[in-house]
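Here is how the chains run, residue by residue.
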Amino acid sequence: MVEDHDHDHDDRWYRRSVFYEVLVRGFFDGNGDGTGDLAGLTEKLDYIQWLGVDCLWLLPFYQSPLRDGGYDISDFFSILPEYGDLADAVELVEQAHRRGIKVIADLVMNHTSDQHPWFQESRQDSTNPKADWYVWSDDDQRWPDARVIFVDTERSNWTWDAQRQQYFWHRFFSHQPDLNYDNPDVQQTMIDVVRFWLDIGLDGFRLDAVPYLFERDATNGENLPETHEFLKRLRKEVDASHPGKVFLAEANQWPADVVDYFGDGDECHMCFHFPLMPRMFMALRREQRYPITEIMAQTPSIPDGSQWGIFLRNHDELTLEMVSDEDRDYMYAEYAKDPRMKRNIGIGRRLATLVDNDRRVSELLHGLLFSLPGSPVLYYGDEIGMGDNIYLGDRDGVRTPMQWSPDRNAGFSRADFAQLYLPPLMDPVYGYEACNVEAQTRNPSSFLQWIQRMLQIRKSRNEIFGTGSFEVLPAENPSVLAFFRQYGDDIVLCVNNLSRFAQPAELQLGRFAGRTPVELAGRVPFRRIGEGPFVLTLGSYGFYWFELVQD
Amino acid sequence: MAIDGIATDALLPLLSEFLPCQRWYRGVDAPAALNLLHSNIERAGWPALVDLIVDADGEVYQVLVGLRPSDERPEFLRGHDEASLGEIDTSSGAAHAYEATLDPELGSTLLDRLTSGSEHAERVRTIAAEQSNTSLVYDDRLILKLFRRLHAGVNPEIEVTEALARVGFQHIAAPVASSQWGDYSLGVLQPYLAGGVEGWALALTSLRDLFGVQDTQPVPLVTEDGPPPAADPGQAGGDFSAEAERLGAMTAQLHIALAEAFGTEPGDSGAWADQVAAQVSAAPIPDNIERDAIDRVVNEMRNVSDSGPATRVHGDYHLGQVMRTDEGWYILDFEGEPDRSVDDRRRTTSPLRDVAGMLRSFHYASLVALADSDEIGLVAAWEERNRRAFLDGYIPAAENAGMLSGDGASVERLLRGFELEKAAYELNYEEGHRPDWARIPKAALRRLTR
Chain A
1149 MVEDHDHDHD DRWYRRSVFY EVLVRGFFDG NGDGTGDLAG LTEKLDYIQW LGVDCLWLLP
1209 FYQSPLRDGG YDISDFFSIL PEYGDLADAV ELVEQAHRRG IKVIADLVMN HTSDQHPWFQ
1269 ESRQDSTNPK ADWYVWSDDD QRWPDARVIF VDTERSNWTW DAQRQQYFWH RFFSHQPDLN
1329 YDNPDVQQTM IDVVRFWLDI GLDGFRLDAV PYLFERDATN GENLPETHEF LKRLRKEVDA
1389 SHPGKVFLAE ANQWPADVVD YFGDGDECHM CFHFPLMPRM FMALRREQRY PITEIMAQTP
1449 SIPDGSQWGI FLRNHDELTL EMVSDEDRDY MYAEYAKDPR MKRNIGIGRR LATLVDNDRR
1509 VSELLHGLLF SLPGSPVLYY GDEIGMGDNI YLGDRDGVRT PMQWSPDRNA GFSRADFAQL
1569 YLPPLMDPVY GYEACNVEAQ TRNPSSFLQW IQRMLQIRKS RNEIFGTGSF EVLPAENPSV
1629 LAFFRQYGDD IVLCVNNLSR FAQPAELQLG RFAGRTPVEL AGRVPFRRIG EGPFVLTLGS
1689 YGFYWFELVQ D
Chain B
148 MAIDGIATDA LLPLLSEFLP CQRWYRGVDA PAALNLLHSN IERAGWPALV DLIVDADGEV
208 YQVLVGLRPS DERPEFLRGH DEASLGEIDT SSGAAHAYEA TLDPELGSTL LDRLTSGSEH
268 AERVRTIAAE QSNTSLVYDD RLILKLFRRL HAGVNPEIEV TEALARVGFQ HIAAPVASSQ
328 WGDYSLGVLQ PYLAGGVEGW ALALTSLRDL FGVQDTQPVP LVTEDGPPPA ADPGQAGGDF
388 SAEAERLGAM TAQLHIALAE AFGTEPGDSG AWADQVAAQV SAAPIPDNIE RDAIDRVVNE
448 MRNVSDSGPA TRVHGDYHLG QVMRTDEGWY ILDFEGEPDR SVDDRRRTTS PLRDVAGMLR
508 SFHYASLVAL ADSDEIGLVA AWEERNRRAF LDGYIPAAEN AGMLSGDGAS VERLLRGFEL
568 EKAAYELNYE EGHRPDWARI PKAALRRLTR
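Just so you know, the sequences run in chain order A and B. First residue of the first sequence: 1149, per the numbering used here; consecutive thereafter. First residue of the second sequence: 148, per the numbering used here; consecutive thereafter.
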């Protein structure tokens, strides 16, 4: 990956940032109505600052009938009343900025809710002013190569509208019609939407479902050149009016295709690296580094100033679609043979439950997340090892209220229990009496305190971890994953033991002979590097970050 | 004989002492007859490099001697007393003679000379773990394998890897350069598979994980009847079977590529059965193995309805000869079993011979991992699962390409015969070298004759 030397250029803050994904509904209830809101989130900014988060990512907070968790927007210019109003949003952004925290929000460009006034108008007839704002057709046969994404609920990308007597196009749910980006008015209006929110102070957007903006004959309707052109136009206009903002693209594609969304550094600033996440889990399960090193080897370099977003968990489930699109691929074969991994596909689990609540594994996974190339994205609650409730169904299992204290409703809300949008976890292992922010803040050896310290360490070297080059260091022991992060002459060596057993590591560090490895957490100097192999012993799931200090 | 003022003859008496201390020397004592066949000197100031090819009691060796002034005691020789030959006089004064492959400067000289200066390296390190070779690794990018004990005729490693590269087989480190003296191959330069891990180490990682799962399964506080059920290797995290299947598929590709490069002949199960019988009769078969059962395996092999084709094979195929890298599996070391003659190693045979070698290796791994534990059922389940996965990867691909008889019963009988042959060979070897491990081929013989 390319190094970036203009670190004074603060427009690139996102390369040195730690992101924190927040479900407004589930974080903190400021007005006692049982649902989290923007005012509640503002109240908890001190906690987020203490944790060491640089940028909040808010899941959709727009007006919505909430048939798809708010990704079905019915008014781009107003806030869902349960979350507050525009003034609350402005207050949140101002208070966050006062603490040095940026705020980005989800934005769905591809489609709207069918309740959106634009669609209501469009469906009236084929002559009204918004008639061409959506994609209409007399038959449902066009673009047969575009796959159906939600195969469990949708049978076609076309749905009949009785009112207009035509079919409308939708890549996701049938209540989410796709906007017609071939219409210049739609393009301009969506750019206006972006400007509106940047004007009130938002620092950027996580752009949902970007590969699908356009449709063309004889294509699968993904990653089309027209889509890239529009994103480039958006970037150019925003750069001119609002410099220093970020677009984080959700393009759930293979890394070689995803890099197109960076353009030549003139499209999206960041993209999620989807295949890395399941491979981190597979590497631990196999006690081998190959699942990780293979995908890193297949990850192309990205334009100067761009950045990957990497994560362990988020609000969506782990699906095989994210893992692989080639049936001869490594992960496909591994998954096919592994009943346990197969079981976890399609079920939203939190990190703690995925790793059987093993503190050492959680630490190692976060150690990897904080040291592999990219900006880490944390999911709210994972910092205290929250669990999930798979009986809530769909994706609600990982969207239960943040557990602040052992008090009523987990300290999340003063409402009656029955009024809560979802019940907090109450089981003996992950329930809020055992697992909450207050208790872990008081306990110096808690997971929360550990995460906070690691984020401090990362922050002290954020040029290296955020923007440094990445190079895997060969090791004969397959359970050992060692790599360098290098920025200029500053080098950090990360050595990870992916096995539950203690492991030896013999590393060829000859080219750094004369330097002394200093372990970053405790500043303990290790034996000076010589010409011979550097020998380390790693405890069960142990890892070290060494700064290689020139004498 | 003196070149550039260095009397190479003067090195011969020093060699008599030096040779018996080297891993690659076949004898035990100093050679009774030592003759210099060839010498060459590279000298542009110190250090100097002297290439020698010597005949010691009928075996031919490549010796590389470095020379530095006697008052220099370079760091790289510290702790390597066996690498010193002693002092000799040169026209430039007294010099210390030593094993040249330890000297990074001379390592660079070797690379420079072999590639006519087209390759350079900043760092050189020596690997001397192998029995009959010495390897130099350059910048973790290239590896120069120097053959120490020489055999007349082209070295199979060079011959086979070059041929496989020509037909486009990807899973080898194709030679970059090689050197030859007369009939003898001296060395080969190949890409270094940095970060590669031997299949053997990966298989043991998988087995270790399986034991770990067994140890960490929740134990019921009240046991009703019998112990808790054994862990299923398919459920264990470190499952190897997807790798085993990939290995099998790659092995089929190897045989297809070998056939393309060297051609095929009709197989001769009778001749193969004779070889198996010969190997068995040379092995110290324990008394509790029935001779009749052995004969039955050999005869079933002899009388198969379809032998399938014969082709060149790897010849010494096991988990230690395959390497997992980030780009997938690679096959190493096409030299064949070092104790066999070059002609013998180049003979065509059934590709199932390699398959049997790998299957025997799975058995070895499982029993080595078992050590003194009593979880025999667990490791047997691991072996069975990976054996099946390997064959699932191999057989359909090999059969489709005509590398294997389409008759399943014939394949099974041939494979059994070759496994018997391999186990007998192993028993011979283990009794001579590692008596503690003889239990492994003995267990295999019992199983094959059951």
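A hint or two may mislead.
Here are the in silico distance ranges between beta carbons for each label pair [as the list claims (entries may be wrong)]: (1) B/A177 / A/E1624: 46 to 52 Å; (2) B/A177 / A/A1650: 41 to 47 Å; (3) B/E222 / A/G1687: 51 to 57 Å; (4) A/V1697 / B/G524: 39 to 45 Å; (5) A/A1650 / B/E222: 30 to 36 Å; (6) B/A180 / A/V1697: 44 to 50 Å; (7) A/V1697 / B/L183: 48 to 54 Å.
So the derived list for chain A, only partly shown, Cβ under 10 Å to chain B, looks like this [claimed, not checked]: (8) V1238; (9) S1449; (10) M1574; (11) P1576.
I should point out that these hints are in silico values taken from the structure, not numbers from a laboratory. Predicted, not measured: the structure shown is a model, and the values here were computed from it. Each residue gets a CB set at the ideal place from its N, CA and C atoms; glycine is no exception.
Cβ distance range 44 to 50 Å for B/A180 and A/V1697, holds or violated: violated (57 Å)
Proposed interface contact between A/V1238 and chain B, which counts if any beta carbon pair is under 10 Å: violated (49 Å)
Hint check: 10 Å Cβ-Cβ cutoff, A/M1574 to chain B: violated (23 Å)
Whether the CB-CB distance between A/V1697 and B/G524 falls inside 39 to 45 Å: Between A/V1697 and B/G524, where Cβ atoms are some 52 Å apart, the hint is violated.
Residue hint A/P1576, partner chain B, criterion CB-CB below 10 Å: violated (16 Å)
Pairwise beta carbon distance, A/V1697 to B/L183, judged against the given window 48 to 54 Å: holds (52 Å)
Hint check: 10 Å Cβ-Cβ cutoff, A/S1449 to chain B: violated (16 Å)
B/E222 and A/A1650 - C-beta distance against the hinted 30 to 36 Å: Roughly 32 Å apart at Cβ, these two residues keep to the hinted range, so it holds.
Range hint 51 to 57 Å (beta carbons of B/E222 and A/G1687) holds or violated: 33 Å Cβ-Cβ, so the 51 to 57 Å window is violated.
Consistency of beta-carbon spacing, A/E1624 to B/A177, with hint 46 to 52 Å: Once the Cβ atoms are compared, 36 Å apart, the range 46 to 52 Å for A/E1624 and B/A177 is violated.
Range agreement (Cβ of A/A1650 with Cβ of B/A177, hint 41 to 47 Å): Holds, at about 45 Å.
Hints 1, 3, 4, 6, 8, 9, 10 and 11 from the earlier list are contradicted by this structure; the remaining hints agree with it.
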